[in-house]
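Protein chains: 2
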Amino acid sequence: MPRITPTVEQLPATIPFVGPEAAERKRGRNFLARIGANESVFGPSPNAKEAMRRAAEDVWMYGDPENHDLKHAISEHLGVGFENVVVGEGIDGLLGYLVRMIVQPGTRVVTSHGAYPTFNFHVNGHGGELVMVPYRDDHEDPDGLIGAAAQCGAALIYLANPDNPMGTWHPASTLRNMIECVPDGSLLVLDEAYVECMPAGHSLPFDTSDPKVIRMRTFSKAHGMAGARVGYAIGHKDLISSFDKIRNHFGMCRVSQAGALAALSDRDHLLATVRRIGEARQRIAEIAVSCGLKPVPSGANFVAVDCGRDGRFANRVMNSLIGRGIFVRKPVVPPQDRCIRISAGTEQDLRLLAEELPSAIESARG
Amino acid sequence: MPRITPTVEQLPATIPFVGPEAAERKRGRNFLARIGANESVFGPSPNAKEAMRRAAEDVWMYGDPENHDLKHAISEHLGVGFENVVVGEGIDGLLGYLVRMIVQPGTRVVTSHGAYPTFNFHVNGHGGELVMVPYRDDHEDPDGLIGAAAQCGAALIYLANPDNPMGTWHPASTLRNMIECVPDGSLLVLDEAYVECMPAGHSLPFDTSDPKVIRMRTFSKAHGMAGARVGYAIGHKDLISSFDKIRNHFGMCRVSQAGALAALSDRDHLLATVRRIGEARQRIAEIAVSCGLKPVPSGANFVAVDCGRDGRFANRVMNSLIGRGIFVRKPVVPPQDRCIRISAGTEQDLRLLAEELPSAIESARG
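Taken in sequence, the protein lines are chains G and C.
If you read the first sequence in my numbering, its first letter stands for residue 1, the second for the next number, and so on.
If you read the second sequence in my numbering, its first letter stands for residue 1001, the second for the next number, and so on.
Treat the hints with care, as some may be off.
Stated by the list, open to error - Restricting the straight-line Cα-Cα distance to at most 27 Å, the calculated cross-link-like pairs of lysine-lysine (DSS-like) are:
{"no.": "1", "chain 1": "C", "residue 1": "K1026", "chain 2": "G", "residue 2": "K237"}
{"no.": "2", "chain 1": "G", "residue 1": "K71", "chain 2": "C", "residue 2": "K1026"}
{"no.": "3", "chain 1": "G", "residue 1": "K71", "chain 2": "G", "residue 2": "K237"}
{"no.": "4", "chain 1": "C", "residue 1": "K1071", "chain 2": "G", "residue 2": "K26"}
{"no.": "5", "chain 1": "C", "residue 1": "K1237", "chain 2": "G", "residue 2": "K26"}
{"no.": "6", "chain 1": "C", "residue 1": "K1237", "chain 2": "C", "residue 2": "K1071"}
Keep in mind that the hints were calculated from the coordinates and are not lab data.
Remember, predicted model here, so these are calculated numbers, not experimental data.
Kindly generate the complete structure, drawing on both the sequences and the hints.
And the structure:
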């Protein structure tokens, strides 16, 4: 057999998470409500769809490897320099590049216990050592993360704000304090996949002169383009330019580039989507309360719902919903594992949830 | 600054090649003929375009991380097992994963001097040591590659068949002999990006029981979907399953998955495209001969044209064509650098080439 490197050889063949399609194949039929992957059922801007349909005509051409037009639009949109932006194949792809740049066997990396598994997948994939900090009251714990990083000499600190899977968030002032305390030699990876869904005024201004923070955003969530795989990172120009050393330069889909560019300029659609996400969160919370469950306040496009007992019980509730054609997911690490995680759905999705949740709970109890 | 690994720190910030869009931005206007990136001007199947337009509606959903339907169709199409196929973000993406699995600092890798630069980019990116074997009569040299691999203990041997940038190819019998001689501990990477363009009957049958070969194919060339980023690799199931340890599971664009699936089933479009590629190669050869240049026989979707002098002269011819709005590229390593590389174009593209090439040569001489 070929000589696989020791780092890769020892990796498990498991994957971060199974997609809903695999569950559908197993069930033999499609889900009635797809509200488990934190996608946006409200879809992308009509302009983005039109741009993608048009770009399908031009798909014989490679996309621009420099992502020039999209980077330019993002930098204008955020008020940061062109040289402070890198575009990649979703935040997942960008996290992979970042981890590859910084993590080698034995490199220590701090994250929250139960936070985004794909980040851990990348760290493990490069032989890094994950140091896990517990959540605190269902929030990621900035002080705990900084303390752990200082103690273990972490090269990377991961924080998602808002958090996935709990949906909780920290205000800009807390993040500002955290950033000031990032130890020398550490880099804070601020995953802002859900930032557009957060209550207004909580987002941190950009300071691209700070080499200790890199922020990541995406078109997968509020922009409704998960299937297009477009993410971007904002940071110090020296760090951002390092991505060019290793990224897959011709890796971006041309259709996705065109869609993202059109999506970015449709501010009205984004605001309407954010409003609908807020309404859906409210509706999910009401449904949960009506069933005697407790929604965790969320600044993301989903709600973690505390099922009131242990992880095994919440797992039964989740599986019960899945059996009823409603795709949801759940946190896996205690004590967050007492929750199920429900993404913002259409009115029809949530009507179905309201109908089926009581009997799913009943069945989980039985 | 963040702690970049020594392997990445030492990498140059250069990129494998600059895209035509960058040249267009520099020129301030678009090219009149885009026949430099070995794309297919003949475009994808109308069915693939329609599938992509439809998929744009569903882009709010992540693509299936298992690429189930596409893998199934590919395995049926090639007559290999489902477990022998991995789908990825173009051959570039798959080469990146493969190199990451096998190459660590100091690992030796054999390729031809002047062959595909993106493969070298990945090997350098993981700290590998490239051992370069000269071309022989404008062909990659299987005996030379095997000899070098045996001598240096290479973990990987790269061969593109047909070759890029020269377009030459080896028949199945030569490849079969080569495969038999792959040294223990080496893996042959057979890049078949252009295989559909090769004269019929020259392709090697599949033997997925052989752990010493992995073959890579793409929808970017004859299928006309370069912008979609869909490639696949065929090999021994143990090697193929290893990709799951490190690949970006949610990395595939949903629109591209749908397009590739539709493209695969439109055999008529593929055959028509291959015929048009053959006609375009013939026309390029005629144009070259009429200008006193010498076309290299090609089994790919482009023709390397020997400009009859040294690399600097060929470079002037290329730049002269670019200045006239015709985007072409060229090999960079002697003696292949005496050529320019012209991709199959539409009738209009090649009419323009026929019109402009004489004066481009004149100008290069002057």
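Hints and how they fare:
no. : hint                 : in the structure
1   : C:K1026 with G:K237  : 22 Å, holds
2   : G:K71 with C:K1026   : 17 Å, holds
3   : G:K71 with G:K237    : 13 Å, holds
4   : C:K1071 with G:K26   : 17 Å, holds
5   : C:K1237 with G:K26   : 22 Å, holds
6   : C:K1237 with C:K1071 : 13 Å, holds
The earlier numbered hints are all upheld by this structure, with none contradicted.
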